[in-house]
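Chemist: This is what each chain is made of:
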Amino acid sequence: MALTFKHGIHPDYYKELTAAKKIEKALLPKKVAIPLQQHLGAPCQPLVKKGDAVLEGQKIGEANTFVTSPVHSTINGKVKEIEKHPHPVGGKVMSIIIEGDGTQKEWGNGSIGLDIEKITIEEIRAKIKDAGIVGLGGAAFPTVVKLTPPKDKKIDAVILNGCECEPYLTSDHRLMLEEPEKILWGMKAIMKVLNVNDGYIGIEKNKPDAIDALENAKKSIIPNLKIIALETKYPQGAEKMLIKAILNRKVPVGKLPMDVGVVVQNVGTAKAVYDAIKYDKPLIERVVTISGNGINEQKNLMVRIGTSFDDVLNQCGGMKKDSEKLVIMGGPMMGIAQTNLEAPVIKGTSGITVLAGDAIRPSDYKQCIKCGGCVEACPVNLMPYRLTDYARFNRPDEFKAWGGLSCIECGCCSFECPSNRPLVQWLRVGKLRVREAEKGSSK
Amino acid sequence: MDEKIQNKPQEKSKETTQPTIDRLVVSSSPHFSTGDSVPKIMHAVILALLPASAASIYFFGLNALLLGLTCVIACMLTEYAIQKIRRKPITVWDGSAIITGILLALTLPPAFPLYAAALGSIVAIGLGKQIFGGLGYNIFNPALLGRAFLQATYPVMITTWSEPLTKAAKHGIDAVSAATPLALMKFVEPKVMTPHLDLFFGNVAGSIGETSAFAIILGGLYLRYKGYINWKMPLGYLGSIAFFGWLFYLANPQKYPDPLFHILAGGAMLGAWFMVTDMVTSPTTSVGQWIFVVVAGFLVVIIRLLGGLPEGVMYSILLMNAITPLINRHTKPKVFGEGNQS
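For the record, the sequence lines run as chains A and B. Using the numbering used here, read the first sequence as starting at 1 and increasing by one per residue. Using the numbering used here, read the second sequence as starting at 1001 and increasing by one per residue.
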């Protein structure tokens, strides 16, 4: 039996649509929109003004706090505007709009590898910070913050997350197949920063080729790295589930992985760390899986940050005609539905899933029949059907007492619900109401 | 907040130029589901009840068919009437009223009058389900509540049993009144033990649908295969009955029946696969489900062997239905990471 966690679900994965497709370079966009906030933490302030010429890789926004991450221009060109622009997470966000001049920079090639002994920990941290690297799994937490744990937290293990448990997405899978050495060198740098000897890569066993590729590549880079085949089950890639499966440690309620001595990084993040150290290349592009039944050609594309969804979808033959479409940033379990396709690809965009016709979940729902399917599915052991009642009828105290704040919004409950109830949405409402109630009482 | 917002094309607006799309659907994650629905589950349950229904007609003939039709039609009409009066959406075709009808019929004796069966159906749906607000809100299994009503209202008719046709034919007549295997075991001196094989295939007197363990198991396995029931509930219930029955059997094998008899006789099999597993009226937590089946099984044995009635399946389940909300409240699973020290 492969390692795993308790509960969870087995959705259809649809990985075969793109798993065998090599990562292609997307066309150089004529125009990009770089949001000043693409990460968890403080938004950046622009470092350029309208009309300035900018170069690919030039830092164009940063903030003066610890938890933040700078942004860079992803093309050569000119700042056309600094304005509010549609953001894929919702609403509009101050963004730097750059018009390209059609040229691009070469980031250097040659042999793969780092002179890891020569670089100091401080240098690595500085490069990661300067490169604007954030967690590429989707949450976009600034990487350097994770790599700078408080003194009292002793980190003894690093886990690279190669689970990619979201249906449809194959960007991490392809990266593990095509760039295993770069991922491993990045991992080596991360382990050096944290002064950790125990490194793991967790991969669901539906990607045996990725496991093989990393096993082969690790021999000359990190021989003692453990590559762990995990059961294919959603949400295996959730940090808490991954740590439980690999190390059998449970992150306490309300705490972080570092509280149990673990740092988890996505495999794509490790590759970005390598690029930053080796080439001083900031995080200006990433692999994006474009998939779903609503797009004409499913692909894995290396896309520059700031490229609009429309641009990306047009390079994939466009969307299918004749039916309603649901365009999701990310996968169908946790991804965010898009309202405006002018929104740009950001650092956390692991995929664009386009669903059409019958693949779109209907919006009507029925009453709860107490089947317990949501309880059985919940990886953090909540009783979603009960919590959602507390949320809807505005009883924040009970919502909190029944553990509602531990919800990771993975979507398992709603996925299982035979009455099609939007449980996750109500759970979000419940969390919000707890926060509001707490704010109200502290006044 | 529950509505999907549909982004219709705004042809005149200059701001939104979205050349490649006509409409974008926007919803909250997850955007994915199993595709199961309540009617789908209910229709699978109806399908799973077919073998037991067929067996009832095979063993008890036209009477069984008429009872079944009466109960199903009465249940559906009651549901329709109440929903119409309350101006609620009509859900008679979601299958749950049909299931209540079939289940109620299967628990009745073959010669039970049709008007009484219809009355039982009205009570089952009206008092057992709709009065609480309909499917999902009911506390008791509607079919069992209907039967409990009939037990109280027509105590004689509901305990007047007849031989299955397969046996009656030997006597050359249509129907012979007879005692059920449980009654033979309990009230007849010296006690008469019905052979296990007869119990398994259903060639015994009893409620029309409870006699054939084989047909019931067939349907139950289908539901398990579809993933609509777990192993824990039916097997836990039968296991608990067998275990507590076995304790009595150990103490006095002359007086008490063996465990296998317990689970094959009476309504144990039907209760295990189709009533204990009722989603609405059983606990939602894993620990709660264990409590439900173990205590219910214990109650069956106590009522059968020490109580005044020959059969205890109905009351065991109804009693546990009543405390299911309480069980849910007190068996909250430990939240992931709760109580762990960092």
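Accuracy of the hints is not assured; some may be wrong.
Stated by the list, open to error - Distance condition first, Cα-Cα at most 30 Å in a straight line; then the derived DSBU-like pairs of lysine-lysine:
{"#": "1", "chain 1": "A", "residue 1": "Lys400", "chain 2": "B", "residue 2": "Lys1332"}
{"#": "2", "chain 1": "A", "residue 1": "Lys366", "chain 2": "B", "residue 2": "Lys1084"}
{"#": "3", "chain 1": "B", "residue 1": "Lys1226", "chain 2": "A", "residue 2": "Lys6"}
{"#": "4", "chain 1": "A", "residue 1": "Lys439", "chain 2": "B", "residue 2": "Lys1334"}
{"#": "5", "chain 1": "A", "residue 1": "Lys255", "chain 2": "B", "residue 2": "Lys1332"}
{"#": "6", "chain 1": "A", "residue 1": "Lys219", "chain 2": "A", "residue 2": "Lys205"}
{"#": "7", "chain 1": "A", "residue 1": "Lys6", "chain 2": "B", "residue 2": "Lys1191"}
{"#": "8", "chain 1": "B", "residue 1": "Lys1332", "chain 2": "B", "residue 2": "Lys1040"}
{"#": "9", "chain 1": "B", "residue 1": "Lys1334", "chain 2": "A", "residue 2": "Lys154"}
{"#": "10", "chain 1": "A", "residue 1": "Lys92", "chain 2": "A", "residue 2": "Lys118"}
{"#": "11", "chain 1": "B", "residue 1": "Lys1232", "chain 2": "A", "residue 2": "Lys366"}
{"#": "12", "chain 1": "A", "residue 1": "Lys92", "chain 2": "A", "residue 2": "Lys80"}
{"#": "13", "chain 1": "A", "residue 1": "Lys219", "chain 2": "A", "residue 2": "Lys22"}
{"#": "14", "chain 1": "A", "residue 1": "Lys366", "chain 2": "B", "residue 2": "Lys1186"}
{"#": "15", "chain 1": "A", "residue 1": "Lys250", "chain 2": "B", "residue 2": "Lys1332"}
{"#": "16", "chain 1": "A", "residue 1": "Lys6", "chain 2": "B", "residue 2": "Lys1332"}
{"#": "17", "chain 1": "A", "residue 1": "Lys154", "chain 2": "A", "residue 2": "Lys80"}
{"#": "18", "chain 1": "A", "residue 1": "Lys366", "chain 2": "B", "residue 2": "Lys1167"}
{"#": "19", "chain 1": "B", "residue 1": "Lys1334", "chain 2": "A", "residue 2": "Lys153"}
{"#": "20", "chain 1": "A", "residue 1": "Lys439", "chain 2": "B", "residue 2": "Lys1084"}
{"#": "21", "chain 1": "B", "residue 1": "Lys1334", "chain 2": "A", "residue 2": "Lys255"}
{"#": "22", "chain 1": "B", "residue 1": "Lys1088", "chain 2": "A", "residue 2": "Lys366"}
{"#": "23", "chain 1": "A", "residue 1": "Lys250", "chain 2": "B", "residue 2": "Lys1334"}
{"#": "24", "chain 1": "A", "residue 1": "Lys366", "chain 2": "B", "residue 2": "Lys1255"}
{"#": "25", "chain 1": "A", "residue 1": "Lys366", "chain 2": "B", "residue 2": "Lys1226"}
{"#": "26", "chain 1": "A", "residue 1": "Lys431", "chain 2": "B", "residue 2": "Lys1334"}
{"#": "27", "chain 1": "A", "residue 1": "Lys281", "chain 2": "A", "residue 2": "Lys50"}
{"#": "28", "chain 1": "B", "residue 1": "Lys1084", "chain 2": "A", "residue 2": "Lys205"}
{"#": "29", "chain 1": "B", "residue 1": "Lys1232", "chain 2": "A", "residue 2": "Lys205"}
{"#": "30", "chain 1": "B", "residue 1": "Lys1226", "chain 2": "A", "residue 2": "Lys205"}
{"#": "31", "chain 1": "B", "residue 1": "Lys1084", "chain 2": "A", "residue 2": "Lys6"}
{"#": "32", "chain 1": "A", "residue 1": "Lys118", "chain 2": "A", "residue 2": "Lys50"}
{"#": "33", "chain 1": "A", "residue 1": "Lys105", "chain 2": "A", "residue 2": "Lys281"}
{"#": "34", "chain 1": "B", "residue 1": "Lys1040", "chain 2": "A", "residue 2": "Lys400"}
{"#": "35", "chain 1": "B", "residue 1": "Lys1232", "chain 2": "A", "residue 2": "Lys250"}
{"#": "36", "chain 1": "B", "residue 1": "Lys1088", "chain 2": "A", "residue 2": "Lys6"}
Said to hold, decoys possible - Sample of chain A residues lacking proximity to chain B, with all beta carbon distances greater than 10 Å (derived):
{"#": "37", "residue": "Ala63"}
{"#": "38", "residue": "Ala139"}
{"#": "39", "residue": "Asn197"}
{"#": "40", "residue": "Arg361"}
Hints are computed from structural coordinates only; laboratory data are not their basis. For glycine and all other residues, C-beta sits at the position ideal for the given N, C-alpha and C.
Chemist: For a quick check of understanding: which of the numbered hints are violated here, in increasing order?
Modeler: Numbers 7, 10, 14, 17, 18, 20, 24, 28, 31, 32, 34, 36, 40 - these are the hints that the structure violates, sorted from lowest upward.
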